[in-house]
Structure formats: C-alpha cells, structure tokens
Amino acid sequence: EFISDNLVFISEEKFNQLKRSAVKPNDLIIAKTGATIGKLALLPNHINQALIASSCLKVTFNFKNAIPRYYLYFFTTQIGQESIKSRAEGVQREIQ
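Counting in this note's numbering, the sequence shown runs from 1207 upward without gaps.
Treat the hints with care, as some may be off.
Here are the simulated EDC-like cross-link-like pairs (lysine to aspartate or glutamate), alpha carbons at most 20 Å apart as the crow flies [said to hold, decoys possible]:
{"id": "1", "residue 1": "Lys-1230", "residue 2": "Glu-1218"}
{"id": "2", "residue 1": "Lys-1245", "residue 2": "Glu-1218"}
{"id": "3", "residue 1": "Lys-1220", "residue 2": "Glu-1288"}
{"id": "4", "residue 1": "Lys-1245", "residue 2": "Asp-1211"}
Here are the computed distance ranges between Cβ atoms for each label pair [stated by the list, open to error]:
{"id": "5", "residue 1": "Asp-1211", "residue 2": "Lys-1270", "range": "32 to 38 Å"}
{"id": "6", "residue 1": "Phe-1267", "residue 2": "Ile-1209", "range": "31 to 37 Å"}
{"id": "7", "residue 1": "Arg-1293", "residue 2": "Thr-1266", "range": "15 to 21 Å"}
{"id": "8", "residue 1": "Gly-1244", "residue 2": "Glu-1219", "range": "18 to 24 Å"}
Everything labelled a hint here was simulated from the structure, so no lab data went into it.
Where a beta carbon is used, it is the ideal one built from N, C-alpha and C, also for glycine.
Given the sequences, and given the hints that come with them, work out the whole structure.
Structure, rendered in structure tokens:
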C-alpha cells in the first residue's frame, strides 16, 4: 500500500534538477537499502509526478508487455522478497 501521509514538496525548479529520479503513476518503487529493503508499492494514479530517494529504485513498465500489479504481487511473495534481498546484499558485498 502506498501511504502518502508524509510527502515532502519541492519547487518545480528543484524537481527539474532531480528529474533523473522521477517516477510516474504505476511505476514500481522498491526500497533497496537499510532496514526497509524489499518494501514496495506502485505509485498511485492520483500522484502525477514525484521523485524517489536514493535508497529506492524504480521499475517503469511497457504496458504492451507487462502488468505492473502482477510484478507488485510477485515481489511481495517470499520468492520475490528473497530475489530483492539477495541482489541488494550482493551489491553491498561488491562495494565493500
């Protein structure tokens, strides 16, 4: 579930500076670091534009070939969570 209680707002100018981290509705957002590794949500349709933190990654779907909600459900399964966490841990090992 996407909870929008604590959203932080920035200027349009700042958004344009950081637009590399932009997400749009139905992008899958996944926490990739820290204690929240593996938490995920689809950006809801009522949020037209947003930025993600560096602790997250995004997956943007080609709607001709993928159904975002399917991937959301898959990555919430035990297999999906293990897939996320094993790759996150592997990245951390390589950096150290």
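The hints, checked one at a time:
| no. | hint | result |
| --- | --- | --- |
| 1 | Lys-1230 with Glu-1218 | holds, 15 Å |
| 2 | Lys-1245 with Glu-1218 | violated, 28 Å |
| 3 | Lys-1220 with Glu-1288 | violated, 35 Å |
| 4 | Lys-1245 with Asp-1211 | holds, 17 Å |
| 5 | Asp-1211 with Lys-1270: 32 to 38 Å | holds, 34 Å |
| 6 | Phe-1267 with Ile-1209: 31 to 37 Å | violated, 22 Å |
| 7 | Arg-1293 with Thr-1266: 15 to 21 Å | holds, 18 Å |
| 8 | Gly-1244 with Glu-1219: 18 to 24 Å | violated, 34 Å |
Hint check: violations occur at hints 2, 3, 6 and 8; the rest are consistent with the structure.
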